[in-house]
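Trainee: Protein chains in written order, with our numbering: chain A, 70 to 253; chain B, 32 to 176.
Simulated from the structure, these hints should not be mistaken for lab results.
Take the hints with a grain of salt, since some may be wrong.
Unchecked claim - The calculated label-pair distances, taken between Cβ atoms and stated as ranges, are: (1) 96/B with 95/A: 21 to 27 Å; (2) 186/A with 94/B: 17 to 23 Å; (3) 98/B with 84/A: 15 to 21 Å; (4) 64/B with 101/A: 48 to 54 Å; (5) 167/A with 135/B: 51 to 57 Å.
No experiment lies behind these values; they were computed from the predicted model shown.
Backbone N, C-alpha and C define an ideal beta-carbon position, used for all residues, glycine too.
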Amino acid sequence: MMNGVANTGRDHGIIESYFVARVRSGNEAAMSTLIDRHRGRLIRTAHNLLHDRFEAEDVAQESFLKAFREIGKLRDDRAFSGFIYRICVRLCMDRLRLKRAEVIEFDTVHESEGQSIETKVLVFKLLDLLSEELRTTLILREMEQLSYDEISAAMDVPVGTVRSRLHAAREKFRRLWIEATKED
Amino acid sequence: MNRKACDDFRKLHERQEEGPLRRRDQQRYDEHLNECGECAEWLESRHNSLFCLRLVKSEVEPSEGFSERLQTKMQGLGKQRLAYWSPAIVGAAVTALFLLMLLQVATGTAANAVKNQGYGEARRLKVVPSPLFETPTPTPTDPMP
């Protein structure tokens, strides 16, 4: 079972490196393949962080453009997935810094996405009360299920910082949650 | 309730989020949870809040035309890059060629001068003082008066 998982991971890396090598030589079909492979995850991550699906798509597109433009910086072709993911998270963080003062727009929340609108609005509202660093760290861990090391790489901070931010973010979110649900 | 024990329990809980605890720590964790109502309440609220966070995880799919729009932007980018780099690369190449030719001419002239003079003659010309300060001496080939 473990061997199977390891092989799948290795195969994924090999396939990835094959397409990245072709992108390096300017092959557009390989670019399309990489876009198809990664677009869903990037859009969902950006949507989790920004709470706006149009902005999320915008960031995902920007991530692809940046990744292809800077593909020369990628040392290991098998690591393209992490490379573009880091770009996407950093672009989201840049946008979050810019729109700190903005008020959340609830019309970006769609009921068709599966959860009740009330819960979603409340969670988004509470997340917006956290600082940009705490919020991003919490989302990457709890929604994106990244490991501490992956968060550290994505946010370009030491693992110790991830640990302390997560501790602070979980506790603050818990307190906000209690206050908000008590009011009801 | 023991404040220190509660702090210890919460620290262990944080560690547990990162990976499984050692057996002794896990035992300490479980024991405190059974004894302390406040920590049990804390843990419940913690689970509930994080559960709701996970519940609202995005499930959006790329909109129609996402890839096409991106392809268009990429084509534009390709043209921009070509337009930006072409004159720069051509200019650099021409300058490099010119400098190379200049270097070739300069080194060629110096080499020819040394070659035509001969090694001994060239060195003599360099060492011997200017003929202005020399007294003229008759050469052996001069005919006797």
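Trainee: Does each hint fit the structure? Answer for all of them.
Mentor: Hints and how they fare:
| no. | hint | in the structure |
| --- | --- | --- |
| 1 | 96/B with 95/A: 21 to 27 Å | holds, 24 Å |
| 2 | 186/A with 94/B: 17 to 23 Å | holds, 21 Å |
| 3 | 98/B with 84/A: 15 to 21 Å | holds, 19 Å |
| 4 | 64/B with 101/A: 48 to 54 Å | holds, 52 Å |
| 5 | 167/A with 135/B: 51 to 57 Å | holds, 55 Å |
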